[in-house]
Amino acid sequence: MWHTLLNVLIALLVFCLIIAFHEFGHFLLAKLNGIYVNEFAIGMGPTLFSFQKKETKYSLRLIPIGGFCAMLGEDEDVEDEHSFSTKSVRARLSVVLAGPIFNFILAFIFAIILIAMVGFDVPDVAGFSDSSPAREAGVEEGDIITSYNGHRIYKYQEILVYNQFNQEGNDITLTVDRDGQTFEYTFTPEKTENGYLMGIYGGNRQKYGFGGTIKNAALELRYQIKTTYLSLSYLIRGKVSFKNLSGPVGIVSMMSDTIDEAKESAEGNTSIAILNIILNMLNFSIMLSGNLGVMNLLPLPALDGGRTVFLLYEAIFRKKIPTEKEAFINTLGFILLMGLMVVVMYQDVLKLMVK
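Note that our numbering gives residue 335 to position 335 of the sequence shown, counting from 1, and the numbers run on in steps of one.
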């Protein structure tokens, strides 16, 4: 019981950190542009703790699934030099985009730390299953996979993601690097109970110097962004079930399970258990922060991407959409998003009850 509560607490702290950094991006750029921030809040719902400093109220709220940076003149026209509504399009755009950009920055920083500690998964071929169609096609142990069906590959997990989305068992074309030479092989994956498989094992971790670590951290961020967009694309096209979506409850549950697995793999060694938990939480943080950045850039009302669309319209046509109309659209979008979140959370709870 107590260890489960501790796991949930760790997961919630990670979740809150990612959200706080996102909102801090909005907050920092608002301050730099001379915009008054009325409230900077982490969490939603009733206020647990707050304090006032100058014009800003800083608060911690009960439900750790969001947060906000409420600015003067954000949802109404306020004739004040410190109002969001009176600032230039460039200034307002920088404030709106700062949240997602700060999520990418946080994911990049965590990726640097993780890769410096454990290395980067290279897309190598370390071995084959007994009936590997890739080996039969000509792929050899030691090959470095550089392309999957035309998609450039830098990280072994990219291969697994593309293969996971190949639910129809379509032919696979792998481009590999073998001692500086390029070879291309096309084959049909093997149908198994776990889906269509190539019969390849790989993903050996390699450590790099400072420059290599920075480069691979950028590639890790690229992987998270690309995977998120790919998942959304398959969801919209109906190739991935809506039931596969997870909200805060599902994510916290997964993180809790990961912490338990990290402890078990340490076999009673407290130091190793702590290290395993840190590494796994870093990995989760990279994924969540990257995903949050991408999701907020979607051109939907109430999201940073939706606000960006309004600002780009204003910049192109030199005509500002009335703040009241924009606020109404964003409020409606927020209500719809909250409705979606409730549905996803309901699914998460059902999954927990079935476990």
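I should point out that these hints are in silico values taken from the structure, not numbers from a laboratory.
Incorrect hints may have been included.
Under the rule of at most 30 angstroms between Cα atoms (straight-line distance), these lysine-lysine pairs were calculated in the BS3-like manner [stated by the list, open to error]:
no., residue 1, residue 2
1, K191, K155
2, K31, K320
3, K87, K57
4, K226, K215
5, K155, K87
6, K155, K226
7, K207, K155
8, K191, K215
These figures come from a predicted structure and were not determined experimentally.
Against the structure, the hints come out as follows:
no. : hint        : verdict
1   : K191 - K155 : holds, 24 angstroms
2   : K31 - K320  : holds, 23 angstroms
3   : K87 - K57   : holds, 22 angstroms
4   : K226 - K215 : holds, 16 angstroms
5   : K155 - K87  : violated, 43 angstroms
6   : K155 - K226 : holds, 12 angstroms
7   : K207 - K155 : holds, 14 angstroms
8   : K191 - K215 : violated, 36 angstroms
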